[in-house]
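When you line the sequence shown up against mature numbering (1 follows the signal peptide of the UniProt record, and there is no 0), it's residues -21 to -1, 1 to 183, in that order.
No wet-lab data here; the hints were simulated from the structure.
Certain hints may be false.
[As the list claims (entries may be wrong)] Here are the simulated SDA-like cross-link-like pairs (lysine to any residue), alpha carbons at most 20 Å apart as the crow flies: (1) LYS133 to TRP86; (2) LYS149 to ASN85; (3) LYS133 to SER96; (4) LYS133 to SER179.
[As the list claims (entries may be wrong)] Have a look at the derived ranges for each label pair, beta carbon to beta carbon: (5) ASN11 to GLU152: 19 to 29 Å; (6) THR52 to ASN113: 17 to 27 Å; (7) ASN72 to THR143: 16 to 26 Å; (8) GLN57 to VAL89: 19 to 29 Å; (9) PRO20 to ILE136: 27 to 37 Å.
Note that beta-carbon positions come from the ideal geometry of N, C-alpha and C, so glycine has one too.
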Amino acid sequence: MAAALAAVALLYGLFAVNASADLNWYFWTNGNGNVNAVNGPDGQYSVDWSGNALFIAGKGWQIGSPGRVIHYTASDFQTDGSAFLLVYGWMRNPLVEYRVVENWGNWRPVTADYRGSVYIDGAWYDLYHALRFNAPSPEGTQTFQQNWSVRQTKRPIGSRSTVTLEAHVKAWEDAGMPLGNNWLHQILAVEGGSAAGQASVTVW
């Protein structure tokens, strides 16, 4: 899974196109395995994959916001590998990669630096901080920090779901985790790391 996390740091190289008036479509893969990502109408997209595919696909905003409320429905998310359904993005000054993990496959992501738990949008999330050394980033190969919020239980598939990002940002700040002042891409995405799976998601 470490390879997948390193690969997803290549988000700055994602191909992005306008999907609607408000949303962009983002897709990146390292070319391994088989990935079929489909940019559907408005906020909808789907992706299926097999093999050791490293990828990220989703819809979101070119300029992120710490106060954004993200709504989505995942009508399908199935995998027998280490894939996530999540909010993914970057901040600058300082350089921080962040994730809010809503669902996962056979591996629930954790890091050694646990910073506590917080109740947001009707569920408990565990907070983790990590440091990545000499890894790809929007500023080239850099050492940067990571902020994680990981749901303790998987978000039910098919439910109308909300991620109140402001609450996660406040929790990270309260836990002494770094925050940048320049927000880059912010995506409701599927991140794939191995094995096979499929997903269908609508974002608004």
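- Message: Going through the numbered hints above, which ones does this structure break? Give me the numbers in ascending order.
- Response: Violated hints: 2, 5, 6, 9; rest satisfied.
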